[in-house]
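Below are the chains, spelled out letter by letter.
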Amino acid sequence: GAVVSQHPSRVICKSGTSVKIECRSLDFQATTMFWYRQFPKQSLMLMATSNEGSKATYEQGVEKDKFLINHASLTLSTLTVTSAHPEDSSFYICSAGQGLSYTFGSGTRLTVV
Amino acid sequence: SQQGEEDPQALSIQEGENATMNCSYKTSINNLQWYRQNSGRGLVHLILIRSNEREKHSGRLRVTLDTSKKSSSLLITASRAADTASYFCATARETSGSRLTFGEGTQLTVNP
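Chains as they are written, first to last, in this note's numbering: chain A, 1 to 113; chain B, 1 to 112.
One chain only, chain A, in its complex shape:
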């Protein structure tokens, strides 16, 4: 079946630094990828929709200058958390559509200290 590979699975960074999270579709092309954020014991909140070759579409309240999304190819989308702060600590998950259903990456646990 379709596989979406997300790296890293865990990252700890210092406040003020930037962190890049990669999401790759391994055996299919994904013109659209979705980035979610999930706080402990809560549901997934859509942050942005990443479109290959064009600008990402951000959800209301998500700072596009803080959460930079690049979708340079049909198999790779990246999310960069810039100037990270402790409140950015969260679980970030990407997904890509395959027909009507979606395949999710395994998630990235970001801890900002």
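Don't read these hints as lab results, they were simulated from the structure.
Treat the hints with caution; some may be incorrect.
[Said to hold, decoys possible] For each label pair, taking beta carbons as the anchor points, the in silico distance ranges come out as:
(1) B:52 - A:2: 23 to 29 Å
(2) A:15 - B:94: 36 to 42 Å
(3) A:13 - B:66: 41 to 47 Å
(4) A:82 - B:77: 46 to 52 Å
(5) B:16 - A:99: 30 to 36 Å
(6) B:51 - A:63: 30 to 36 Å
(7) B:112 - A:8: 32 to 38 Å
(8) A:14 - B:73: 44 to 50 Å
(9) A:82 - B:51: 26 to 32 Å
(10) B:93 - A:10: 32 to 38 Å
(11) A:1 - B:9: 28 to 34 Å
(12) B:18 - A:73: 42 to 48 Å
(13) B:67 - A:16: 46 to 52 Å
[Stated by the list, open to error] As a list, the in silico DSSO-like pairs of lysine-lysine whose alpha-carbon atoms are at most 27 Å apart:
(14) A:41 - B:26
(15) B:70 - A:41
(16) A:66 - A:20
[To be verified] Computed footprint of chain A on chain B; a stretch qualifies when at least three of its residues, placed anywhere within it, have a C-beta under 8 Å from a C-beta of chain A:
(17) 59–67
(18) 100–112
Don't be surprised by glycine CBs; every beta carbon is placed ideally from N, CA and C.
Model the placement of chain B on the given structure of chain A, informed by the hints.
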């Protein structure tokens, strides 16, 4: 923003029992999907039901959809300890490529 509500928020049962989780949503949909998430992991697609379908089965899973009430249920029969996870419903308003809107999730614990 989340449009779905799920109940119960948490469910604890014994192995062999059935588990039923419910999901409600607010807008019209093209399809509704159920996902499972083990702690600290990504989501795994379980089953999809289209808006013109009322019931669907997949192994020990049974999903119903009532578009008049904007609700769905997921039944897991003969539960196993390995079924312990969070379960989320998600709705799609359009066909392929549209965003998913997730419910709040149900934390299922199956005790051996």
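Checked hints:
The hint said 23 to 29 Å for the Cβ distance between residue 52 (chain B) and residue 2 (chain A), and at roughly 25 Å that hint holds. Taking the beta carbon of each, residue 15 (chain A) and residue 94 (chain B) are about 40 Å apart, inside 36 to 42 Å as hinted. For residue 13 (chain A) paired with residue 66 (chain B), a C-beta distance near 46 Å keeps the hint of 41 to 47 Å intact. Taken as a hint, the range 46 to 52 Å holds for the pair residue 82 (chain A) and residue 77 (chain B), whose Cβ atoms sit roughly 47 Å apart.
In this structure the hint that residue 16 (chain B) and residue 99 (chain A) lie 30 to 36 Å apart at CB holds, the actual value being about 35 Å. The given range of 30 to 36 Å is respected by residue 51 (chain B) and residue 63 (chain A), whose C-beta atoms sit roughly 35 Å from each other. The supplied range of 32 to 38 Å is met by residue 112 (chain B) and residue 8 (chain A), whose beta-carbon atoms lie about 33 Å from each other. For residue 14 (chain A) paired with residue 73 (chain B), a C-beta distance near 46 Å keeps the hint of 44 to 50 Å intact.
Between residue 82 (chain A) and residue 51 (chain B) the CB atoms are about 40 Å apart, so this pair departs from the stated range of 26 to 32 Å. At roughly 34 Å, the beta-carbon separation of residue 93 (chain B) and residue 10 (chain A) lies within the given 32 to 38 Å, and the hint holds. Between residue 1 (chain A) and residue 9 (chain B), the C-beta spacing of about 30 Å keeps the proposed range 28 to 34 Å intact. Taking 42 to 48 Å as the suggested C-beta distance range, the pair residue 18 (chain B) and residue 73 (chain A) conforms, at roughly 45 Å.
The hinted range of 46 to 52 Å is satisfied by residue 67 (chain B) and residue 16 (chain A), whose Cβ atoms lie roughly 49 Å apart. Note on residue 41 (chain A) and residue 26 (chain B): the hinted pairing holds, with a Cα-Cα distance of about 22 Å set against a maximum of 27 Å. Taking the CA atoms of residue 70 (chain B) and residue 41 (chain A), the gap is about 24 Å. The hint holds against a cut of 27 Å. Between residue 66 (chain A) and residue 20 (chain A) the alpha-carbon distance is near 12 Å, which keeps this suggested pair within the 27 Å criterion.
Residue count for the stretch 59–67 of chain B with a Cβ under 8 Å from a Cβ of chain A: 0. That is fewer than the three needed, and the coverage hint is violated. With a threshold of 8 Å between beta carbons, the proposed coverage of the stretch 100–112 of chain B by chain A holds, since 7 of its residues qualify and at least three are required.
Comparing the model with each earlier hint shows violations of hints 9, 17; every other hint is respected.
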